[in-house]
Amino acid sequence: MSEEIDFDAILGKYHSDPYDYVEICATHTGRVSFKIAEGDTVNSPSGEWLHIPGSPLFEITREQNPKLVTAKTNGTISSVRQELEGQFVEAGEKLLTIRHPLKKKEVIEGILKEVLYLFPAPERAKYFFSLDIQSRIEKKGARAITIKPGDEIIIMSLMKRDTPIYYTGEAGVIHSVYFSPGLSVDQGQPLIGVCASEKLPLIQKVITRVKADWDKLADPGHLED
Amino acid sequence: MAAINRPTPASLHEYIWQREKNSRSRNPLLPSPEKILRYGAIVGSVIQCHSSMDRTMDQARLHICDLEKTGASVASGTVILADTLIRSKGRFSRSWHAPVGGLWGCLILADTFLTRARTILPLTLGISCCEAVRDLGVDKACVRWVNDVLFSGQKIAGFLVESFRSPQHGEEFHLLGFGININNNCFPDALENTAVSLSQILGSPVNLHDFTLSFLAKMAWNIGLLSYEEEQELGRSCSPEDEESHLLLDQWKSLSDTLGRRVLYGYDIQQHPLYEARVTGIRPDGAIVMQLGDGHEIIEHSGELQYL
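Top line first, the protein sequences correspond to chains A and B.
To convert, take the position in the first sequence, counting from 1, and add 4; that gives the numbering used here.
To convert, take the position in the second sequence, counting from 1, and add 54; that gives the numbering used here.
Just so you know, these hints were derived from the structure itself, not from any lab.
Predicted, not measured: the structure shown is a model, and the values here were computed from it.
Each hint can be trusted.
Simulated crosslink set (EDC-like; lysine to aspartate or glutamate; CA at most 20 Å straight-line): (1) B:K123 - B:E226; (2) A:K117 - A:D24; (3) B:K209 - B:D311; (4) A:K117 - A:E202; (5) A:K76 - B:E351; (6) B:K143 - A:D136; (7) B:K89 - B:D304; (8) A:K109 - A:D24; (9) A:K71 - B:D339; (10) B:K89 - B:E287; (11) A:K215 - A:D12; (12) A:K71 - B:E351.
Every beta carbon over 10 Å from chain A, so not counted as near; a handful from chain B, in silico: (13) A57; (14) L83; (15) P87; (16) C103; (17) T166; (18) R188; (19) L245; (20) H263.
Don't be surprised by glycine CBs; every beta carbon is placed ideally from N, CA and C.
Here chain A stands alone, though its shape is the one from the complex:
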């Protein structure tokens, strides 16, 4: 992470194009049938437990097993590869793009995710801090906890099997926590964001600056709190 941050450039970028472009790819091989068209608005999962699926995007059929894929994020369909309608696709083939309008919190998270080391979830499971880390967090707060490679930091719980997860990133303090005990985290999603302790003031400066400049730069027609 650079010691010099061009705040105006970062904020200007988000101001001129305050969207995230989420590419949706085929989850596995199969024949594709789209449920949306370009320009359609789609909703993300909702409900108290996020149990109500988002808008249907496409159905993919493999071995006569149709699977409906729904939106994980809200926004507008900015592109659809209509030429693939009814065609057989390989896993990972890009199918469509959702233009997702960013909120202030997401902009801050987006910047932080570029400057923090993100430690990913190894499997879709529920996660909680190991007892030692949890008790230290309760006493001092996460940002006072320094971790290094090899430390047992998190317990992964799947089907009543508890697996200790050992940290493998760069040494530093736990700046951001992206999971909640009791809620499932998808494989590959970040669990924690870590940074070197000497960079903490700089990161705090980024957050303060984004918050302070938000209203000044925000176009009410595009940006939301």
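On the provided structure of chain A, position chain B as indicated by the hints.
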């Protein structure tokens, strides 16, 4: 002080290849009982019997580390038993009462499983225990997702599965902890209404040695089923997630009374119950499928249930 309960690998081997094999062979729907038992034959390859210790899970970790220091590797299938545990605990630091008379122990398995088998591995404990209990005539014993074994709403057994990586070579193991109330008839006040022992249910003492052999033989069978199904899956073209049929899941369904029940769900059900729902199914990966009050479906891969 010598342990009271002292099964040996030889006695378990004899039990598996005579009683367990004969029993399983009577079911014409089960394929290749010998093959399945050969896959599971590692269970009980070494059996340590202790009169008392703090926790068998801790002893298992220590055993793995000690052997590693000498350049050796622990035998997968090693079983550690203790007549009584001093510092036994359940999940989330819950206390677990483990006096003389119960079956307390830990099975060490090297992690040789593919993803699906690894995920549903915890089911083997509940299934094996419920099968062994029903063999004693307790037909009303049932499995509650994930692997609790209950009789009339009271818990006969509890299980913990923890993974462990050896410090020197990074070898991965699964530690399958089991606590089964056999002849221990006194429970602390807090557990009086929620726990029950087999001898309380049957009204007479149970032969602990025989029950231990029965439980471990059924573990051998069910671990063998996991490996057998892996072999079958590897020979098929479709993805395991598309597979509806799995012998272990079929057996779980036949022993469980969870499907169709109204339940309270929570990650830690005692401290943080989350919502009420009706259980509508179990997925090929062992996840539970529930229907919420608003009609929507929710799928959970972890957590605990309480029947309503």
